[in-house]
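Under our numbering, the residue at position 99 of the sequence shown is numbered 464, and the numbers go up by one with no gaps.
Hint data in this document are derived by calculation from the structure and do not stem from the laboratory.
Keep in mind that a hint or two might mislead.
FRET-style restraints, in silico, Cβ to Cβ [as the list claims (entries may be wrong)]:
| # | residue 1 | residue 2 | range |
| --- | --- | --- | --- |
| 1 | Ala412 | Tyr445 | 40 to 48 angstroms |
| 2 | Arg395 | Arg461 | 56 to 64 angstroms |
| 3 | Gln397 | Tyr419 | 28 to 36 angstroms |
| 4 | Thr390 | Met417 | 38 to 46 angstroms |
| 5 | Ile459 | Asn489 | 14 to 22 angstroms |
| 6 | Trp458 | Asn489 | 36 to 44 angstroms |
| 7 | Ala412 | Lys447 | 43 to 51 angstroms |
| 8 | Asn489 | Ala404 | 30 to 38 angstroms |
List of simulated lysine-lysine pairs, DSS-like, C-alpha gap at most 30 angstroms [stated by the list, open to error]:
| # | residue 1 | residue 2 |
| --- | --- | --- |
| 9 | Lys414 | Lys469 |
| 10 | Lys443 | Lys464 |
| 11 | Lys469 | Lys442 |
From the three backbone atoms N, C-alpha and C, an ideal C-beta is built for every residue, glycine too.
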Amino acid sequence: VDPRVGETAGALVYNIDDLEQVVDTNIKERAQEAVKAQAIIEEEIAAFKEKMRYLSCRPIITSLMEKAELMRQRELKKAYTKMPDLNTEERRWIERMSKRIVRKVLRDPVLKIQEYAGTESERNYTEAVRKLFKLEQ
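Kindly generate the complete structure, drawing on both the sequences and the hints.
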């Protein structure tokens, strides 16, 4: 193609050298984007592994929380029977207080279960928690 074609309005003319430069630029840009993409993939894999690690301990934590909640509700029912004159606000206050107590008592065991999740110690620790709190398998 005659190079003067490039002088025509709206016409672009590339020679082999121009195309090689465009290709080289595109390859460099793609390589930079590939590095960024790899970093994103590695971050997502790490986040996924972390989530998977906690999945193994979810059942025992759930059992522990459910048992504590059941005990809390039973004890509240007994207390309310012995204190029938409590008004609604007093009952709400006792309810909130009992929830805070349960959360505080279970906080350390739950954190330890999560800490040991996915490690060699997980099985031993979760078994100990099962026995200590008399949780079902």
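Hints versus structure:
Separation of Ala412 from Tyr445 is about 44 angstroms and conforms to the stated range, judged on CB atoms against 40 to 48 angstroms. For Arg395 paired with Arg461, a C-beta distance near 57 angstroms keeps the hint of 56 to 64 angstroms intact. Hint check: Gln397 to Tyr419, Cβ distance near 35 angstroms, so the stated range 28 to 36 angstroms holds. One distance hint, 38 to 46 angstroms for the beta-carbon pair Thr390 and Met417, holds here, with the actual separation near 41 angstroms.
One distance hint, 14 to 22 angstroms for the beta-carbon pair Ile459 and Asn489, is violated here, with the actual separation near 37 angstroms. Look at Trp458 against Asn489: about 40 angstroms separates their beta carbons, and that is inside 36 to 44 angstroms. Range check, Ala412 to Lys447: Cβ separation about 49 angstroms, and the 43 to 51 angstroms hint holds. Asn489 and Ala404 have their C-beta atoms about 36 angstroms apart, which keeps the hinted 30 to 38 angstroms range intact.
As the CA atoms of Lys414 and Lys469 are separated by approximately 28 angstroms, the hinted pair is consistent with the 30 angstroms bound. For the hint pairing Lys443 with Lys464, the CA-to-CA distance comes to about 16 angstroms; that is within 30 angstroms, so the pair holds. Simply put, Lys469 and Lys442 have alpha-carbon atoms about 21 angstroms apart, close enough for the 30 angstroms limit, and the pair holds.
In summary, the structure is inconsistent with hint 5 from the numbered list given earlier, while agreeing with all the others.
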